[in-house]
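Knowing the structure of chain A, use the given hints to seat chain B on it.
In order, the protein sequences belong to chains A and B. Take 1 as the starting number for the first sequence in the working numbering and just add one per residue. Take 1 as the starting number for the second sequence in the working numbering and just add one per residue.
What the hints contain is simulated information worked out from the structure, not anything from laboratory work. Note that beta-carbon positions come from the ideal geometry of N, C-alpha and C, so glycine has one too. It is possible that some hints are incorrect.
Once the Cα atoms are required to be at most 16 Å apart in a straight line, the calculated EDC-like pairs of lysine to aspartate or glutamate come out as [as the list claims (entries may be wrong)]:
hint, chain 1, residue 1, chain 2, residue 2
1, A, 63, A, 240
2, A, 404, A, 363
3, B, 43, A, 122
4, B, 43, A, 161
5, A, 63, A, 8
6, A, 63, A, 97
One side of the interface only, derived from the structure: several residues of chain A facing chain B at Cβ under 7 Å [as the list claims (entries may be wrong)]:
hint, residue
7, 94
8, 99
9, 102
10, 106
11, 118
12, 122
13, 139
14, 140
15, 160
16, 316
Here is how the chains run, residue by residue.
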Amino acid sequence: MGIAIRAENVSKSYTISHQQQPYLLLRDVMASGARNFARGALDVIRGRNRARSSAQEEFWALKGIDLEVNDGERIGIIGRNGAGKSTLLKILSRTTEPTTGEIRIRGRIASLLEVGTGFHPELTGRENVFLNAAILGMTRQEIHRRFDEIVAFAEVERFLDTPVKRYSSGMYVRLAFAVAAHLDPEILIIDEVLSVGDAQFQKKCLGRMEQVGREGRTVIFVSHSMQTVLSLCSRGILLDGGRIVAAGSAHDAVTAYRELGASNQIDRTWLLPGQAPGNEWIRLRSACIRPASTVASGQLTIRTPFCVEVVYDANLRAEAFFLGVRVRTDYGDIIFASGSIPMPIEPGTYHSECTVPGDLLNDGVYVVDVSFARDGTVPLFRAEELLSFEIHDVERASGAWLGKIPGAVRPRLKWETERLSVSAPA
Amino acid sequence: MDSGVQEIVIRAGQTDARYWRDLWSYRELLWFLSWRDVLVRYKQTVIGIAWALIRPFLTMIIFTIVFSVVARMPSEGNAPYSIMVFVGLLPWFFFTGAFSQASNSLLENERMITKIYFPRILIPLSSILVILFDFLVALLLLIGLFLWFGFSPDWRAVCVPLFMALGLSAALGPGLLTAALNVRFRDFRYVVPFIVQIGLYVSPVIYSSSLVPEAWRLAYSLNPMVGVIDGFRWALLAGEFSFYWPGFVASLAVNLALLLAGVLYFRRAERSFSDVI
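Only chain A is shown next, with the shape it has when bound in the complex:
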């Protein structure tokens, strides 16, 4: 067995500027260039060291990654948001260059960083299959050979000559994934594609991934679903802060991830709008999880009612604006989702909170996604893994079961036992 990928000391830095503009204007470059030149010249005259421009800052998304992946291995990469997973995948799939280090890759590599890349809404399903397959690196011959298989997998035979803009989102995703699933590279890079489609289709995709692995192909898989990583991958790597903090079996990596999850993010505030999650319509200011009653403090327990609170700037006018909160386990399974009552909205800063009753969640680590939408179906913004928190167990009645109580929820149910008759002691 050979080595499919060998990475040595790979790092990647980005320059983040603290300006509020989404992109550079030539004017700014010339102006700051002139300013820096003037300041630099002054500094030289005064005999001072030249200071770096304060508006820019270096950010290391990856630091000194060493990695070896054998042929045919299925390796899962996990970590919290911003841990560097996506950057690592981008470097491996060559969409961006590392700042330092060297990577050797043996074999054809294909990446599924997002399904449906290159799909054009105006084109028909048939046309998009050809286009997308070509973008993902298939030759015309290969596409012709596998075309029927792809269409059958996606279950869209009847709509092949309909523009995909008229497809339901489920059909769209199925077709996109089908193309990707029929690539024949030696190394396949997958990022979160399995989180799409209905449960049945997800199962089909998982089956396909397992098959790819059995065929001896190398699979690099990034996911937030620990369950999927455990069932698909032979090895796991945990990234945190741009470094590899754990590597070994998939199980070890997942365990390490869960321990990491305990250092939860229950309170987040963004001072600079440029760094806050958001887009042209919604920009977050802060988000937190706090006990609902002021009496309770410190740890959240299975008994504590708590609030999910967000403060955000809304830059839109709509008749029916609403928020959604989704609570997931750190394994990725959704416990529940809840939407607010639609209301009219105008531009401004808003505070929204959602109270979750006590005696609902079991003990464990949870992740919260918050989404914003309007008019029933129009998504505005979704903040994935915005917050994470841990629910602690409470002391149980003496003599009660001491082990971990299984299940996603932990409702406090009414129990009654009454004696119906007295039997004679044996």
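Same frame as chain A, now just chain B:
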């Protein structure tokens, strides 16, 4: 793709030596991208590809009326003014279309750039191919025009592909340059239409370059499109156009210099496209 297992080496700060080989192995993608753009352009249009004929045809008629009938601009020798204008309009439309499409092409394909690897130069190249397709369609119209006026070009017409190649390079060089600059500085979105607008007056489209005073002619020829349009007129107007060699050489030199600059800058900037777009 080759069947043997290939090895890719990614090293920080080093331009990939395999680039041009990759470009060759991705040649099919070039066709697919152009094919997509051609398809998309005429989807949900009633007359479809006829648009590629109507635009240059109407422009030619308007120019003939305004500049020949009203302003009484002279033509080239015995060639009808309409033909002279149309022979200039063909490469000019190609240039403006190819140049503006190429400049915006990277931004329009942002998602592909951030998600998938392929030689990025394919994107502006494919957008130029689409315009080349329009050019070929409009060429049919020229043949119709020759028949209408009973004007026939001579042996020089075989040189048209050569001058077309020059036209391609004239659009590709600046196109690559502005495409790459556009990724970082969106200012070029405003610069390109301006260049195109001004270009019409400093290129011999509505008039013949022989009208330019002798003293200015060499400087005038530094515009790469002067060489291309003059070339078209020489090749298609059956000897009615006298070629000005010093100007052509100057125009060609600027053309090639811009192409080289475009390719070099694009290659350098390409490495950070997915980070800054």
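Structure-based check of each hint:
no.: 1; hint: 63(A) x 240(A); verdict: holds (10 Å)
no.: 2; hint: 404(A) x 363(A); verdict: holds (9 Å)
no.: 3; hint: 43(B) x 122(A); verdict: holds (7 Å)
no.: 4; hint: 43(B) x 161(A); verdict: holds (13 Å)
no.: 5; hint: 63(A) x 8(A); verdict: holds (11 Å)
no.: 6; hint: 63(A) x 97(A); verdict: holds (14 Å)
no.: 7; hint: 94; verdict: holds (4 Å)
no.: 8; hint: 99; verdict: holds (6 Å)
no.: 9; hint: 102; verdict: holds (5 Å)
no.: 10; hint: 106; verdict: holds (5 Å)
no.: 11; hint: 118; verdict: holds (5 Å)
no.: 12; hint: 122; verdict: holds (5 Å)
no.: 13; hint: 139; verdict: holds (6 Å)
no.: 14; hint: 140; verdict: holds (6 Å)
no.: 15; hint: 160; verdict: violated (15 Å)
no.: 16; hint: 316; verdict: violated (23 Å)
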